[in-house]
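Note that the protein sequences, when read in sequence, are chains D and A.
Each residue of the first sequence is one higher than the one before, starting from 4 at the first, in the numbering used here.
Each residue of the second sequence is one higher than the one before, starting from 74 at the first, in the numbering used here.
Please keep in mind that the hints were generated in silico from the structure rather than gathered at the bench.
You may find that some hints are simply not true.
Claimed, not checked - With the Cβ distance kept under 8 angstroms, some of the chain D side facing chain A (calculated, not the full set): (1) Asn-98; (2) Trp-102; (3) Asp-103; (4) Gly-105; (5) Lys-111; (6) Glu-112; (7) Asn-115; (8) Tyr-116; (9) Arg-119.
Stated by the list, open to error - Computed beta-carbon distance windows for the label pairs: (10) D:Arg-90 to A:Phe-170: 21 to 27 angstroms; (11) D:Glu-65 to A:Tyr-160: 41 to 47 angstroms; (12) A:Asp-254 to D:Asp-104: 31 to 37 angstroms; (13) D:Asp-104 to A:Thr-307: 37 to 43 angstroms.
Computed from a prediction, not measured in an experiment: that's the story for all the values here.
Glycine residues also receive a C-beta, built at the ideal position from the N, C-alpha and C atoms.
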Amino acid sequence: MTFTIPIENGNGVKDAEADSQRTLYPYVTGTSVVAIKYKDGILMASDMGGSYGSTLRYKNIERMKAIGKHSLLGASGEISDFQEILRYLDELTLNDNMWDDGNSLGPKEVHNYLTRVMYNRRNKFNPLWNTLVLGGVKNGEKYLGMVSMIGVSFEDNHVATGFGNHLARPILRDEWREDLSFEEGVKLLEKCMRVLLYRDRSAINKLQIAKMTEEGVTVSEPYSLKTFWEFKAFTNPTVGAEGS
Amino acid sequence: MFRNQYDTDVTTWSPTGRLFQVEYAMEAVKQGSAAIGLRSRSHVVLACVNKAQSELSSHQRKIFKVDDHIGVAIAGLTADGRVLSRYMRSESINHSFTYESPLPVGRLVVHLADKAQVCTQRSWKRPYGVGLLVGGLDESGAHLYYNCPSGNYFEYQAFAIGSRSQAAKTYLERRFESFGDSSREDLIKDAILAVRETLQGETLKSSLCTVAILGVDEPFHFLDQEAIQKVIDTFEKVPEEEEGEDEAGEGEAEAAAAAPAEQGGAGAGDQDVAPMEM
Numbered sequence: 004m005t006f007t008i009p010i011e012n013g014n015g016v017k018d019a020e021a022d023s024q025r026t027l028y029p030y031v032t033g034t035s036v037v038a039i040k041y042k043d044g045i046l047m048a049s050d051m052g053g054s055y056g057s058t059l060r061y062k063n064i065e066r067m068k069a070i071g072k073h074s075l076l077g078a079s080g081e082i083s084d085f086q087e088i089l090r091y092l093d094e095l096t097l098n099d100n101m102w103d104d105g106n107s108l109g110p111k112e113v114h115n116y117l118t119r120v121m122y123n124r125r126n127k128f129n130p131l132w133n134t135l136v137l138g139g140v141k142n143g144e145k146y147l148g149m150v151s152m153i154g155v156s157f158e159d160n161h162v163a164t165g166f167g168n169h170l171a172r173p174i175l176r177d178e179w180r181e182d183l184s185f186e187e188g189v190k191l192l193e194k195c196m197r198v199l200l201y202r203d204r205s206a207i208n209k210l211q212i213a214k215m216t217e218e219g220v221t222v223s224e225p226y227s228l229k230t231f232w233e234f235k236a237f238t239n240p241t242v243g244a245e246g247s
Numbered sequence: 074m075f076r077n078q079y080d081t082d083v084t085t086w087s088p089t090g091r092l093f094q095v096e097y098a099m100e101a102v103k104q105g106s107a108a109i110g111l112r113s114r115s116h117v118v119l120a121c122v123n124k125a126q127s128e129l130s131s132h133q134r135k136i137f138k139v140d141d142h143i144g145v146a147i148a149g150l151t152a153d154g155r156v157l158s159r160y161m162r163s164e165s166i167n168h169s170f171t172y173e174s175p176l177p178v179g180r181l182v183v184h185l186a187d188k189a190q191v192c193t194q195r196s197w198k199r200p201y202g203v204g205l206l207v208g209g210l211d212e213s214g215a216h217l218y219y220n221c222p223s224g225n226y227f228e229y230q231a232f233a234i235g236s237r238s239q240a241a242k243t244y245l246e247r248r249f250e251s252f253g254d255s256s257r258e259d260l261i262k263d264a265i266l267a268v269r270e271t272l273q274g275e276t277l278k279s280s281l282c283t284v285a286i287l288g289v290d291e292p293f294h295f296l297d298q299e300a301i302q303k304v305i306d307t308f309e310k311v312p313e314e315e316e317g318e319d320e321a322g323e324g325e326a327e328a329a330a331a332a333p334a335e336q337g338g339a340g341a342g343d344q345d346v347a348p349m350e351m
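Just chain D, same shape as in the assembly:
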């Protein structure tokens, strides 16, 4: 998949140079991020894997980072682009802190800033190859939103990226409630992450869960989920299938 536009002209070398300036495909990628609103704030989960194509090359990548006092950013997609975004946000939060005037950037402001960045890059045919999840709590208000690599942006009570959209969100649509306690929220996220672990080949069994409340943002230590691989459906997957 490339983002080049075929133009018939004699500028072969110049086009090649211009092309080398724009994003064509991702190299080291992270897989799904899943996040939900719960009673006291936001919970977000992601694993710590970085795939190099089909190889699971890196197993200690933190794909969720705190932004300022009130927000947390999770990303799937190209890891180097995520790191670039963190640098932009670093600059943003630094300037915001330097004002030292009692005003601070909340999750809504960060989300909109990221939407502008992602959309403008897309317009230049040089996208940051990420799907971002931005959550946080400020002044008692919970915020959870998502921005894609083409600048599509929205807020919701539960969001997921990549495979999470197909595997986790149906679970969340059935089982999410406004007043989930912390323990119930974690159990719900672990259920989603377990399904992703079984079914997404880029997922690894080493995940972190982050919690955002009015008090602040904490990211848990990495841990693993208990898995069971002896389900009959796993040992004999084609039993009862058409044509078997």
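Given the structure of chain D, go ahead and fit chain A onto it with the hints provided.
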């Protein structure tokens, strides 16, 4: 006059460390018709005197909406004021677009002040000849700032600028301690009373003043003539002879005391504190 030697351009210091061009710009603010601002914890009221060139013409607009949560009243060269208002609107709307959140007024006044400072340090520019009373909201509530041509800005509970503003300032000085907890209606009434002070004897009519208000749950808007007249009617009915004379007497005494002091200061030349220290 003594100070004419060093006042040719803005990038020349006087031997006593003053920039006369900047001080002259601040004189221009004093020539403009009065503008008044006051704030409570949750609201800011801006009011000004409508001055028309002649009976045939309309009056100049001196209060501008910058955003739903920020308004500005100007005194001095109104053309400069319009340009700066346009800049403020632009900054505000750009911030709203990028962050979907209102620009904190404290940050806007710093941008404005930095812009004014540039004009005090370029030989091919001149300072803006307008003083701005900026009222607006941020996370900590309502604020009122005064931006002057020198590039300085100050936060105020209440302030007045322009010609005969000293009378209004005296009135405000007596009452400012109660403004913080004032109700919206009392704040408007105080603003109109302060405007009355600057008229010094002329009967106060709603056609002579413009009033605008903004608050935590109230976007910036102008009060219409009827609303202003209603407020005027509440205090014009009170037996005005004693109250009016007392205030007018005090106002005149203050103005009389202030005027020779200012003239004396100017005459003495470089000995005084420069007006931009105000």
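Going through the hints against the structure:
1. Asn-98: Status violated, d = 10 angstroms.
2. Trp-102: Cβ of D:Trp-102 sits 6 angstroms from chain A, so the hint holds.
3. Asp-103: Not OK, violated: D:Asp-103 not within 8 angstroms of chain A, min 10 angstroms.
4. Gly-105: holds, 5 angstroms
5. Lys-111: holds, 6 angstroms
6. Glu-112: Holds, about 4 angstroms.
7. Asn-115: Interface hint status for D:Asn-115: holds (4 angstroms vs cutoff 8 angstroms).
8. Tyr-116: holds, 6 angstroms
9. Arg-119: holds, 5 angstroms
10. D:Arg-90 to A:Phe-170: 21 to 27 angstroms: holds, 23 angstroms
11. D:Glu-65 to A:Tyr-160: 41 to 47 angstroms: holds, 42 angstroms
12. A:Asp-254 to D:Asp-104: 31 to 37 angstroms: violated, 24 angstroms
13. D:Asp-104 to A:Thr-307: 37 to 43 angstroms: holds, 38 angstroms
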